[in-house]
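S.K.: This is what each chain is made of:
There are 2 protein chains.
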Amino acid sequence: MKMKMRPVMPDIVTGARIDLGRLRASILEMAAIGATAAGGVTRLTLTDEDRAARDLFARWCADAGLTLRLDDMGTQYARYEGRDPSLAPVLLGSHLDSVPAGGKYDGPLGVLTGLEVVRALRDAGLRGRRAIEIVNFTNEEGARFEPAMVASAVLVGAYTADFVHHRRDATGLRFGDELDRIGYRGDAANRPGAIHAYLELHIEQGPVLESENLPLAAVEGILGIRWFNVTLRGQSQHAGPSPMRSRRDAMVAAGRIIVGLRELALSYPDPVVATVGRLRPVPGVINQIPAEVVMSADVRHWTDEGLAEIAGKAEALMRRIAVEERVEIDIETIQNVPPTRFDPRLVELLDASIQAVGAPSRRMVAGAGHDAKYMNDITPTAMLFVRTIGGMSHCESEEIAWDDARLGAETLLRAALRLAEEP
Amino acid sequence: MKMKMRPVMPDIVTGARIDLGRLRASILEMAAIGATAAGGVTRLTLTDEDRAARDLFARWCADAGLTLRLDDMGTQYARYEGRDPSLAPVLLGSHLDSVPAGGKYDGPLGVLTGLEVVRALRDAGLRGRRAIEIVNFTNEEGARFEPAMVASAVLVGAYTADFVHHRRDATGLRFGDELDRIGYRGDAANRPGAIHAYLELHIEQGPVLESENLPLAAVEGILGIRWFNVTLRGQSQHAGPSPMRSRRDAMVAAGRIIVGLRELALSYPDPVVATVGRLRPVPGVINQIPAEVVMSADVRHWTDEGLAEIAGKAEALMRRIAVEERVEIDIETIQNVPPTRFDPRLVELLDASIQAVGAPSRRMVAGAGHDAKYMNDITPTAMLFVRTIGGMSHCESEEIAWDDARLGAETLLRAALRLAEEP
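Top line first, the protein sequences correspond to chains A and B.
Going by the working numbering, the first residue of the first sequence is number 47, and it counts up by one from there.
Going by the working numbering, the first residue of the second sequence is number 47, and it counts up by one from there.
No wet-lab data here; the hints were simulated from the structure.
Everything hinted at is true.
Which copy? The list can't say, so a pair holds if one copy fits it or any two copies do.
Listed next, the in silico SDA-like pairs over lysine to any residue satisfying Cα-Cα at most 25 Å (straight line):
1) Lys359 x Ser292
2) Lys359 x Asn275
3) Lys359 x Arg279
4) Lys359 x Arg291
5) Lys359 x Val331
Nothing here was measured: the structure is a model prediction, and the numbers come from that model.
The shape of chain A in the complex, shown without the other chains (with noise of 0.2 Å):
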């Protein structure tokens, strides 16, 4: 389906208008800071590239007017101030740090674009009744310190800022220490205080909308995700002189498993998922059939019924197969996180922009974590997604279309407009 789309026009309704090129040459600058050969980024939290893309971030903000403020998690927000300054902001924004050999937008695209969304206010000369601000949450990956999306957690109350800073990298550095190194350990008071809306625009980190042909969608809310470790003890014996007939092979025992969750997942609609992604036999040599086989197990389902359904679903399968080929098997659950179901009017709202624009609306469910998920525990939340090339992400070859970025921040400038323009 190729689908026609009306020409992107200057916001008649805010006066204010997008500059895709001083959009585009923002992410392309950023994306210098760590750049790898193959096109992509590396920016872990708190190196020295991390110190440098907050400067860049911050001198930017300066620029445009925007105050700055750097809490004790090092997350910056750069104000852009409303017409009546005691009302609670609306923000903006993501992260600016990437795993390994990551891409260039995965983070920085939501933070820039909510950058370019002020910028363009701000060249229009209007201001809404709230302010703005547009936050860079620290450590969002979790690449270099476990776990990921620390900054927001913190602030929503699912970590305290003590347990982050002892959390140490895997050559034994910790948070606080490194926070410090560059410079960006800020003041809790800092923090926002009461928060009007969150608005977090991402790329979308998988293939849906380039299969529909669609640059943006409005996110509802994040799979929830159940995980297990897994692990089935067979009989180990030489490959050779055991009949098939009398084995109790673990190997087997997994190979089915892995067939039936997908099964099972292809039961349910999108975005149902589930995946195996880790898998080790012991011994793991060529001519014996395992002892044992340790793998992982991650359902994800968009509420909690259906989580629990399809938990309950996995395993009873995996206990099935168990006692078919006659290997024990030990289950354990290692993560059990809610789904999460943006507010409804923000929902709307964004659907209502993406429609205004001129591109079609679609509303789907986020299969990955995003900072977005802990603040809709404290403030009205939601997600904007920009298509994303190939469904490539977290890669050197993270790539969107410019067209879609354009879109992504008008949409981004409507739907923040109108929030700071609420009572």
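Once you've looked at the hints, dock chain B against the given chain A.
M.R.: Relative to the frame of chain A, chain B by itself:
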């Protein structure tokens, strides 16, 4: 099926009598060398334990009046002279080395039953027309120095002595140096010349005889082996935002291959087998669809045509699944061992000898490699299997029943003496 067995009688044909107490004592005394706390044995090739085992075997052979020779691989030959020393001898043998944390029987049972056979003949004042030589082959297991079965391989010209002497263990020590260190480097002139026949008694290492309630089997040959290294390359994506129907999941392809190979092997009668023992996903993390899975496939059949057929079907199956899952596949054949067919006359002799000692006859094909595989290239060869409890081998719980050991020894005595009497 509980089988009735005639009571085992002194061998009225030969007048010689197996002394089970002596055989048992020898096996247990040998098992004390390198004994593990859990009842097994660790006696790796050319270690101090291997030297102690060789010393003990040599002492017993000298006590039995046998003449000892040592060849350049360290293989020991203990000769019980025949009435006509000019005739080629009958060889009975196996190995005294073990895998790490192996069992008491895999190898020693064959060597020490051979010794018991000549002890019995000597006690009865019997001597065959041909000499009988008991052989302890060096490094059958290949657990310390790869490859396995090097001593018999050198005898038949499959490897040169120089190649073997330069093999190194995991710590860098050389086979030849370790052979010197334990004082067991002999002379290539001591390799056997013409050999009339070779018989190897060994534990079954599988559950077939136990499941059929049979103590012994005449082994007709050894399964041919085809080993594949299979690399599946799909699309690595985040486990969350990647809809099931758009995935190119290397792990799902691997799971289907595991299940498919099992089904393929089950479409053949025993002892045809297929095994996946090794599998590694890359990157192998819980929330990422693996970009790549590297796995092994091991298929075995007892005829050349059968091996070619099942290997071809396995390849076709893997390629079909790869196409269906839209992943790339590389299939590399990393080992191709043709089936071994032992001398039919010797198999017949063992079969008749089993019946003569009062046990039901059962022929079978060995699934694992043995020195008999190489010996078959230079002399008429066959193997005699003794039931293994629970099909366990290469582990500390490896076990046999002593009644089975006696029946095996009686069978070997009959067959060996018959061969030694041949003109």
